[in-house]
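Asks: Protein chains in written order, with my numbering: chain P, 1 to 349; chain R, 350 to 561; chain C, 562 to 1223.
Source of the hints: derived by calculation from the structure; they are not laboratory data.
There's no promise every hint is true.
[To be verified] List of simulated lysine to aspartate or glutamate pairs, DMTMM-like, C-alpha gap at most 25 Å:
| id | chain 1 | residue 1 | chain 2 | residue 2 |
| --- | --- | --- | --- | --- |
| 1 | P | Lys65 | R | Glu408 |
| 2 | R | Lys396 | P | Asp89 |
| 3 | C | Lys763 | R | Glu385 |
| 4 | C | Lys763 | R | Glu451 |
| 5 | R | Lys548 | P | Glu258 |
| 6 | P | Lys35 | C | Glu762 |
| 7 | R | Lys364 | P | Asp15 |
| 8 | R | Lys512 | P | Asp15 |
| 9 | R | Lys557 | P | Glu299 |
| 10 | R | Lys412 | C | Glu762 |
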Amino acid sequence: MYKVLFNRHIGPNPDSFLLPEPVLDVGDYGAISTKGLTSGHQGCTGCGMVTGTNQLLRALKLTGKHVVASIGTGCNEVITTQNTSCWGDVSVDHNNFPNTAATLSGNIAALKALAQAGAVSPKSTVNVGIAGDGGSYDIGLQALLAWIARGEDGVYVCLNNQAYMNTGIQGSGATPYGTNTSTTPFGKVIRGNQRTQQYILDLALAAGASYVAAACPLLHRDLMIKAQKAAAIEGPCVLEFYSVCPEGWKSDTDVFHEITELALETRSWILYEAERERSSNTVLFTLNYAPKKYLAISEYLKLQERFSGMRDFPEMVERAQEIIEARWFFWKPVLEANGIEWKEEARAS
Amino acid sequence: MKEKQQILVSLNRHKEFVVTGPFVEMRERQGSSGPEKREPTESDKGKFLHPPEILTIEEVAQKPIDGLDTPKVLNAMADIGPEARLFVYRPEGKVTRHEIFEDPRVCLEIQRGAVIENLREKPKDVSGWRTHDFFIDIKGCLGDECGRCAIVCPENAIHLMGKGKGSFHEIDPLACKGCFICWVECVRTAADCILVDGKTFDPGMRAKHFGE
Amino acid sequence: MATVLAGNGAAAWGFRLSRVQCYPYYPITPSTACSEQISRWVHDGAMEAVTINAESEHSAASQIIAAGKSVRAGTATSSKGLLYMIEVLENAAGGGVPCGLFLGNRATGAPINIWADNSDAYAMRDSGVIQIFAADGQETLDSIIQGYRIAENLRVRLPFAVNLRGFTGTHAYEGVEIPRPEEVNRYLPPFVSLHPLFAPEKPVTYGAMLSAYPYRRHKRNQMAALSNACEITLKAGQEFAEKFGRSYGHFEWIGDKKADLVVALLGESASAGEVATRHLQGKKGIPGVALLKIRLFSPFPAKEIAQALHRAGTKALVVLDEGLHHGGVLPPLAQRLTTAIQLYLGGKGPKVASVIGGLGGSEVRQEHFQLMFNLADNIAEGNPYRPEPYWLDIEEDPIFVERENQVSPKLWRKWGEVWKKQQRKEKFCSPIPPDTNEIRIYSRAGQGAITSAVGFTGAGIQNGYQLLTVPAFGSERRGAIITTDTLLNFHNERRIRSFMRAWDVVILYDDTILYSPEHQVLDGLKEGGALLVNTSHLSVKKIREILNVGQKKVRVLTVPAEAVSERLGLKHINMAMLGALHKVYDKVPFEPAQGYYEKNVPRPREKSLEAIRLGFSETSDREIQRTRKESRLTVSQEFRDWRPEDHSQESWPSALEEVQLG
């Protein structure tokens, strides 16, 4: 276990006790000089995951380093490499579905070997692994946790769209309770996904990650700070991006903003980061966003047809709300210190 | 009673991380400026691998290589045929290794060995995907002060043109799939300057997104 | 000068001399020791490489494939570990990544079996990897170096695997020439990545998704690259021979140039085949015989092998597969050979019979090869033979049957007509005279018998003999009785790696082993052979009595090794036993061997050397007044026969009655 401390301040945080200098804060407004993927990929219209990838790459390139991406099979990979490559000046190593972290590990080892031989300067390259939630929570978990446990220096990004979208929307370890997917259909007897979702960042932290952070591309300033921090902090860093998926979530392609906002306001997606101080095994948690008003989970369920079944079952909605409250409770000390109520009843409008 | 304060072990040169109970507060470092600023070492400077070149007979003919007997190389390549390649490795500008070989992996559409050289690829035209046309009215665009449409665009279709005052954004018509994300972003947080099918006002979409 | 190395150690040297830069590993029997050795070197700073303590073979394979895009990478595995890797290995072949694997071949089960056969290598044959089969430690070391040379060739750029049979290969200690690093450097140039990831100048994408049109073209190219490996292997072998004096090709032809009868196989079992072939060569009434030891399995040198068979005028070919066909027509090697012969020689080629043997650690012995040549001879004469594989050492389904009632009626109905016409011929099956000396040690796991046997092997090799030590392995843990066998060959002109199992010396590390009902220590001891026992209280007479030696011509000797070690404060008795062995067996002379021990004995060196000397001098076949009395209680036969009674059965009948009464 580790000692838990809270950052009293809520909000994006370019500073870290693990870094001598703050990372670049791109601010809420202003053009960003770097580019992400090239255009012409095969992703869905309105794909929130590619927005996340773009922002990640733009942030990593802001550090001035060469980016080597070890990518796992999944939407992000197939839409960007079908008979071409949309990765521009990023070198890409796609190997397979279950081994993103192992591929990342191999590339980190290669960089280390080349640096030992004096062929490259290790600090001028950032190794990043990119996989989906299925490739991180399920089939790739073994490789991911072992990579973290070995303490290798790299960034792992989970683009979480909460199901296996590439193969046709099957339930994964990250699928929320009650969701209708093609393998957890909303049936007459069994109503949607009966599991509650797991949290990869909790697992990563327990395995010994130096830095973990949850972000969403709607708040790009926060996401880009986190990506740069992960690139700069030594040791294994794990990021998880909220990735709106119009196809899998059965939502309109134009409601990227609304869905993400609802996720944040209902606290079904919590923006936070955690940094580990190794000598005292202390983890500093920072809440990066606290909703102005808490919305009930039922609001979040409205825009997405994947939740259409459970909407009509108050006990299921209640259960979903309980899951959220149980997780939000963790932040009680910070919220109280900032004069914010932590209970839903008190703040729901 | 005042709780005992502690300082978290930190590399940060500017901030101190003060621990009080379960809380940490950042404050500017007082007195000393924190840990020494590390001068960039040799290993921080960008030293990278030099990729070897794999050249066709035409490429060798066009650009003879210093240190190689080009006519001899060309003859040897011609003997092999169209699949002949010249492997040249010159990490510091000088040829350290070279070899003429018949490449089993020549595959015009996808380059050698299913390894794609990214910069040789041209973006695909996905304009057929969209059902509405999007266009930024440059008169209203805030240019590099804003950039909010470009950062949320899933297609990387929006590019900044120019610099400073007078700069503006443009949507690449080959790359835009028409998802409305930039439009929503622009209306909500910026200048509301994106035209959809040539119109500034789309009552249906505005009602849906902004309750107007 | 040869050094004593086990097959795994030789493989590790192969990787080290190839200057492997990235070596991830995950342990699996029997190839683990290769990875252990490399980790040891890296941790001691003797080898500059980045090792990764992977959490599975799947990840280890992923890591060599990732790292292999930028640096020279390798790993070792076996059995299920290889099967776990296969999922990603296709990406190495498809992506043109020249990384290396060392495989200690092992059965894949189920049932679980940790011993050798080729099932794992056969399972990977469709993953596009170059597969080389080595027959001993030396060939393993040399083949790994050549493997990188072949794999990194611009016309190939593919992963390779060097296979060595588990235990009899991976755990056999023998003399291996370790080439000088600078010479290897001249043979194998530094690794240059064609498409490095760490070159921003030319960013690349590996493993893109290809649709049918480019996919099929790419796959065709991949196959072309793999078949190029056939020619490149030959070239790499020739150049290796020029530099290092040991030549390697697609296969080795052992025996007569003109050979009517040929037995073909892969890998280490060829050592027994070689002994049998040499024995049969030139015997009266036996036509030309040869062993076809195939080294390159993938890409299969079909044309070259067909031509070789044609040149030799071969009439019958018996193919030994150490693995199964699983519903195929013939097992993999037999299948490939039949296809090669059909394609290149058509009806003019030899007839082919298939034999399955060596499964799950089954020994393929010299007499098996005699049977296979016998079978080939019958086939060459035009006798009928099975269109499906024969099996070795299945009593009820033998290759030759003398009498009908030897086998089950069902089998007789199926194969009776074939069996009747397949005769075992004495000229093929005459006993092979022992040509080697062999020593067996019975010890308890943890007593250090392997260390002493390996030391003895080293001393013998340094003095110009060919020695081989093979420890037995199983699931036994500390305290169990294990065997360690050493073979000595005095014919320097040829290598012999196969045991006759006729012991010149049998050594007991512990006198209590005399009482083990599982171990008949006199079994296999040659007439005039010696039995050496570590004991401080048993007399020679008593030992003869316990073993019921009677009038048999057996020398019995004792050595108080435990007392010697105790006196010196040594934890293990093995050094004293090593000295004693020299006293019992003088063909490896003690004086020159001491020079070797002075440099190589385990620490504390002085005490170990003293123990060797004392072990030598205190070994005797005379009745010596021992200081200690036997403390073992006499055990009655009743006690030995006693078993806890099984009461559970007794209540059954009455319980059943109750049910019926009901």
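Asks: Which numbered conditions among the earlier hints are violated in the structure presented, ordered from lowest to highest?
Replies: Going through the list in order, the structure violates hints 1, 3, 8 and respects the others.
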